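Peer 1: Protein sequence lines correspond, in order, to chains H and G. Quick note on this note's numbering: the first sequence kicks off at 1 and runs consecutively. Quick note on this note's numbering: the second sequence kicks off at 1 and runs consecutively.
No lab work stands behind these hints, which were simulated from the structure alone. Be aware that one or more of the hints could be misleading.
[To be verified] Between beta-carbon pairs, the in silico distance windows are: (1) G:D172 / H:M1: 53 to 63 Å; (2) H:T84 / G:G95: 51 to 61 Å; (3) G:N300 / H:Q11: 33 to 43 Å; (4) H:D35 / G:S279: 42 to 52 Å; (5) G:G95 / H:A58: 41 to 51 Å.
[Said to hold, decoys possible] Beyond 10 Å from chain G on every Cβ pair, some chain H residues (computed): (6) V5; (7) G17; (8) T21; (9) A32; (10) R45; (11) D50; (12) R57; (13) D80; (14) A83; (15) G93.
[To be verified] Think about it this way: if two alpha-carbon atoms lie no more than 20 Å apart in a straight line, the pair counts; the simulated SDA-like pairs of lysine to any residue are: (16) G:K80 / H:D50; (17) G:K201 / G:R173; (18) G:K12 / H:A96; (19) G:K12 / H:Q55; (20) G:K103 / H:D50; (21) G:K103 / H:P74; (22) G:K103 / H:D75; (23) G:K80 / H:R45.
Predicted model only: the values in this text are computed from it and were never measured. All residues carry an ideal CB built from backbone N, CA and C; glycine is no exception.
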Amino acid sequence: MIRLVLPPHLQTLARVGAEVTLDVRGPVTQRAILDAIEARYPTLRGTIRDQVTQQRRAYVRFFACQEDVSHDPPDAPLPDPVATGAEPFLVVGALAGG
Amino acid sequence: MSSVRVLVGTRKGAFILTSDGTRQQWEVSGPHFGGWEIYHVKGSPVNPNRLYASQSSSWFGQVLQRSDDGGRMWEPAGNKFVYDGTPGTHKWYDGTPHPWEFKRVWHLEPSLTEPDVVYAGIEDAGLFRSTDGARTWQELPGLRTHESGAGWQPGAGGLCLHTIVLDPVNPDRMYIAISAAGAFRTDDGAKSWRPINRGLKSQYIPNPEAEVGHCVHRIAMHRSRPDVLFMQKHWDVMRTDDAGERWREVSGNLPTDFGFVIDVHAHEPDTIYVVPIKSDSEHYPPDGRLRVYRSRTGGNDWEPLGNGLPQRDCYVNVLRDSMAVDALDPCGIYFGTTGGQVYGSADGGDRWAPIVRDLPAVLSVEVQTLS
């Protein structure tokens with residue numbers, strides 16, 4: 001099982017806790033994880049990535065194993081600790097004031 | 001007994017203010033969707049418990065919310081807004097071509113007759129419609145693909161379609177306004193549109209009397225006279241008596257004719273309200289005095305209304321969707337400020353009192369009169 005951590009506003013929107021577990025079939029990639037979370041919680045569609053272009057939203061970042069993987073290709077395999085569930089995949093909102 | 005429900009959108013959530021018909025004691029609920037920008041909340045005239053809310057964030061984009069119980073419970077609705085066909089470009093601030101990009105929903109206008117039909121005005125300027133209670137959205141592309149569309153340029157707030165006015169008599173007629181393209185009208189159910197800006201004069205564009213390019217801030221109508229429209233433009237308060245064929249200025253004795261809001265009394269179609277703002281770069285009331293101005297003559301002759309409003313050291317703004325009127329008698333007038341106050345008057349504007357003082361900056365105010 002994959003562990004996914006959503007930012008607080010998206011936890012509220014999807015009505016989930018801080019961490020969600022997902023069953024991802026096939027290679028564990030950014031795209032596969034996002035496809036799985038959007039399939040389970042359709043209300044998240046468009047909030048992490050654009051619904052048409054699939055581009056990550058500008059103020060959203062992806063962290064894995066203490067690395068910023070936001071600019072990695074969406075179909076690149078994520079590190080083994082994420083794929084095995086030892087480490088979570090983090091969706092993070094950029095820091096901002098206001 | 002009648003009651004009123006005031007729907008307030010702010011920079012950090014939505015609030016619902018309720019009172020009985022006396023409009024003296026208020027209950028405040030919220031924030032709903034705390035931390036998100038709520039550009040607009042509006043209820044269906046057919047089913048007042050059906051509310052729609054535009055929820056957005058720079059981080060997480062656009063969400064649409066819907067309530068079927070007057071705002072107690074909300075469910076996310078459809079948030080997929082895709083332009084029809086290949087959208088092409090409009091003009092950017094510097095005059096260069098810029099691709100059409102969906103950014104947010106500025107205004108939601110529920111149908112006057114169908115509870116599941118609702119229109120959305122979006123940035124970059126387009127008009128969308130849902131016929132299934134906001135679950136799915138389709139563009140009405142005749143507006144954006146108007147021959148002038150490729151030349152539309154944004155105002156400072158973006159290229160936003162912020163005003164939608166439905167004709168209560170002719171279901172095929174609708175008015176919209178875009179900053180900074182101007183006002184447009186359809187007479188065939190949104191298939192085709194034409195600019196209705198004759199009579200507007202805007203010194204900030206190369207041809208001050210151009211067919212398009214005017215920064216219209218808000219249009220208001222009294223439902224008993226759908227051919228008479230009132231407009232608060234970037235500068236100038238305007239009026240048309242022929243559905244926009246020709247506008248004339250009615251700024252009259254206003255201390256400044258810059259502003260954002262304009263609305264019409266519920267029972268007196270020639271009584272209109274504006275909130276003068278000092279200038280386009282000084283978005284606060286003249287002399288630090290917050291005053292609504294009322295004309296009982298459909299414009300030109302205006303009287304200041306400041307009883308109960310701050311008359312010193314007040315430097316808030318009142319944004320374009322932030323004034324509304326109820327349908328009670330006497331008519332109630334409401335407006336919200338960027339300082340987080342929502343003021344109400346239960347006597348047509350003679351006396352004002354704050355309903356709430358310390359909300360986040362107010363983006364929109366709507367009122368429902370409930371029986």
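Peer 1: Now tell me, hint by hint, if it's right for this structure.
Peer 2: Here is what the structure says about each hint:
1. G:D172 / H:M1: 53 to 63 Å: holds (55 Å)
2. H:T84 / G:G95: 51 to 61 Å: Taking Cβ atoms as reference, H:T84 and G:G95 lie about 54 Å apart, which means the hint holds.
3. G:N300 / H:Q11: 33 to 43 Å: violated (54 Å)
4. H:D35 / G:S279: 42 to 52 Å: Cβ of H:D35 to Cβ of G:S279: about 51 Å, so the range 42 to 52 Å holds.
5. G:G95 / H:A58: 41 to 51 Å: Once the Cβ atoms are compared, 25 Å apart, the range 41 to 51 Å for H:A58 and G:G95 is violated.
6. V5: The claim holds: H:V5 sits with its nearest Cβ about 15 Å from chain G, beyond 10 Å.
7. G17: Fine: 18 Å to the nearest Cβ keeps H:G17 off the interface.
8. T21: holds (22 Å)
9. A32: Holds: least Cβ distance 21 Å, greater than 10 Å.
10. R45: violated (7 Å)
11. D50: violated (8 Å)
12. R57: violated (6 Å)
13. D80: holds (29 Å)
14. A83: Since the minimum Cβ distance to chain G is about 26 Å, H:A83 lies beyond 10 Å and the statement holds.
15. G93: violated (5 Å)
16. G:K80 / H:D50: holds (9 Å)
17. G:K201 / G:R173: violated (25 Å)
18. G:K12 / H:A96: Satisfied, since the Cα-Cα distance of roughly 14 Å is no more than 20 Å.
19. G:K12 / H:Q55: violated (26 Å)
20. G:K103 / H:D50: OK: G:K103 and H:D50 at ~11 Å, within 20 Å.
21. G:K103 / H:P74: Cα-Cα ~23 Å, so violated.
22. G:K103 / H:D75: Not OK: G:K103 and H:D75 at ~27 Å, beyond 20 Å, violated.
23. G:K80 / H:R45: holds (8 Å)
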